[in-house]
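J.: One letter stands for each residue in the lines below.
2 protein chains.
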Amino acid sequence: MMNATVLVPAAGIGRRMGASIHKQYLDLAGRPILAHTLALFDRHPSIDSIYPILPEDDISYCQTQVIDRFHFSKVRRLVAGGPERQDSVLNGLRALQKDGATWKTVVLIHDGVRPLFDATSLPGIVAAAWEHGGCVVGVPVKDTIKFVDQGWISGSPDRQRLWQAQTPQAFRFDLILRAYEEADRARFRGTDDASLVTRLGEPVLMVEGNYRNLKVTTPEDLLIAEALLKERETEQ
Amino acid sequence: MMNATVLVPAAGIGRRMGASIHKQYLDLAGRPILAHTLALFDRHPSIDSIYPILPEDDISYCQTQVIDRFHFSKVRRLVAGGPERQDSVLNGLRALQKDGATWKTVVLIHDGVRPLFDATSLPGIVAAAWEHGGCVVGVPVKDTIKFVDQGWISGSPDRQRLWQAQTPQAFRFDLILRAYEEADRARFRGTDDASLVTRLGEPVLMVEGNYRNLKVTTPEDLLIAEALLKERETEQ
Numbered sequence: 001m002m003n004a005t006v007l008v009p010a011a012g013i014g015r016r017m018g019a020s021i022h023k024q025y026l027d028l029a030g031r032p033i034l035a036h037t038l039a040l041f042d043r044h045p046s047i048d049s050i051y052p053i054l055p056e057d058d059i060s061y062c063q064t065q066v067i068d069r070f071h072f073s074k075v076r077r078l079v080a081g082g083p084e085r086q087d088s089v090l091n092g093l094r095a096l097q098k099d100g101a102t103w104k105t106v107v108l109i110h111d112g113v114r115p116l117f118d119a120t121s122l123p124g125i126v127a128a129a130w131e132h133g134g135c136v137v138g139v140p141v142k143d144t145i146k147f148v149d150q151g152w153i154s155g156s157p158d159r160q161r162l163w164q165a166q167t168p169q170a171f172r173f174d175l176i177l178r179a180y181e182e183a184d185r186a187r188f189r190g191t192d193d194a195s196l197v198t199r200l201g202e203p204v205l206m207v208e209g210n211y212r213n214l215k216v217t218t219p220e221d222l223l224i225a226e227a228l229l230k231e232r233e234t235e236q
Numbered sequence: 001m002m003n004a005t006v007l008v009p010a011a012g013i014g015r016r017m018g019a020s021i022h023k024q025y026l027d028l029a030g031r032p033i034l035a036h037t038l039a040l041f042d043r044h045p046s047i048d049s050i051y052p053i054l055p056e057d058d059i060s061y062c063q064t065q066v067i068d069r070f071h072f073s074k075v076r077r078l079v080a081g082g083p084e085r086q087d088s089v090l091n092g093l094r095a096l097q098k099d100g101a102t103w104k105t106v107v108l109i110h111d112g113v114r115p116l117f118d119a120t121s122l123p124g125i126v127a128a129a130w131e132h133g134g135c136v137v138g139v140p141v142k143d144t145i146k147f148v149d150q151g152w153i154s155g156s157p158d159r160q161r162l163w164q165a166q167t168p169q170a171f172r173f174d175l176i177l178r179a180y181e182e183a184d185r186a187r188f189r190g191t192d193d194a195s196l197v198t199r200l201g202e203p204v205l206m207v208e209g210n211y212r213n214l215k216v217t218t219p220e221d222l223l224i225a226e227a228l229l230k231e232r233e234t235e236q
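The listed protein sequences correspond, in order, to chains V and Z. In terms of the working numbering, the first sequence opens at residue 1 and continues consecutively. In terms of the working numbering, the second sequence opens at residue 1 and continues consecutively.
Same shape as in the complex, but just chain V (with noise of 0.2 angstroms):
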């Protein structure tokens, strides 16, 4: 079996949220969102080691209030992100590089706000970005969308080809380096790690996921994850 490290990039700082603190460790079911997350990981055999990313400032808070609190023993390493996203996740890149990764090593990318995300897809995940280089998982778009421009309904893209990305997305270590090393050269930013990949020109698939795999970014997320998160529970 194919095994994978996760990078879990948590350094955004929860604007829509409307709390006094990060969005990550705002409460769900009594652990914060973040401790969801990582148990994901933490618990399954596919995963090796475990990278959170997160604002500097919160590096000693979540270590003791996440990381101790909840006993995770796959974190290798609490590395400090940038001002946005994209520099978190090459923050974390260079962090496994230091650490040892090669192009044998499966990367592993998931929002540390996606607490719901269904941890038994993992395996194929992993297989996925070892044979392809690169995969996204994502759900069929339900929503009818539209192009609008200065208010105005201009037209709409075709259904039947739109996809809603989510994560984990999963790539050969040295192919999702050079990805992101080339971005940060060209000032490219994108709206997720597979558009830095797809614009080199490599193939990346896509896995159908589920649709509870919510990100959790406004005070509405919060409840939803909250039903879900109570369904599931019964559900087991």
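To be clear, the hints were calculated from the coordinates, so they are not data collected in a lab. Incorrect hints may appear among the rest.
[Claimed, not checked] Listed below are the simulated BS3-like cross-link pairs for lysine-lysine, each with C-alpha atoms no more than 30 angstroms apart in a straight line: (1) Z/K230 to Z/K74; (2) Z/K215 to V/K215; (3) V/K142 to Z/K215; (4) Z/K142 to V/K142.
Given the coordinates of chain V, work out where chain Z should sit on it, guided by the hints.
T.: Okay, now just chain Z, sitting in the frame of chain V:
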């Protein structure tokens, strides 16, 4: 103040819900979903009349279990729907025509399974439809959207321009009737009401709504709707 009529298509059979009753009758916090939706309009002063559109077999059930039971006073008539949403709305528009709708009528079209729409925005929506011919409630897309072809990511539409269309969608009666009749003649199938209007080259405005205005189409959506509804009641 400008007033309006509402068509409420609720003729879908709800396959995605996996339930034995049509999704619009599923219980949401003690009432059928459709009763929540109709209540938004029944108690709002901008609305004169409501036309729910239902599967033909459901009409008497809906009359007793929803309309009579919750004492909706603005429901003018229950209209039998067609095989698809677009057929159903066309039936609704023809019912309005029989009942004397003119070019001065503003028609809102609102999904029966969107019980969380914020009705305080109705006066502005009615006014925008009257002024501009048509408008659509929607929200900027937060997600990363990809084009996917045969499983591979082939690019991303420009996120700055992407909006997610919801309902209500509101139009002057003559414009929307013409759009539906021309689509019917051309056997054109759109993904929403506005797409039938914009294909005629007529402008349609996007009006910013709210992320809470969920379309309840899966069991997860029902859970989420319960959580959002509970919160709304706490706030009031």
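J.: All hints are to be evaluated individually against the structure, with a verdict given for each.
T.: How the hints compare with the structure:
Distance hint between Z/K230 and Z/K74 is fulfilled; the C-alpha atoms sit about 26 angstroms from each other, no more than 30 angstroms. With a CA separation close to 18 angstroms, the supplied pair Z/K215 and V/K215 stays within the 30 angstroms bound. Proposed proximity of V/K142 and Z/K215 is supported: the alpha carbons are some 10 angstroms apart, at most 30 angstroms. About 14 angstroms separates the Cα atoms of Z/K142 and V/K142, which keeps this hinted pair within 30 angstroms; it holds.
The structure fails none of the hints (numbered hints given earlier).
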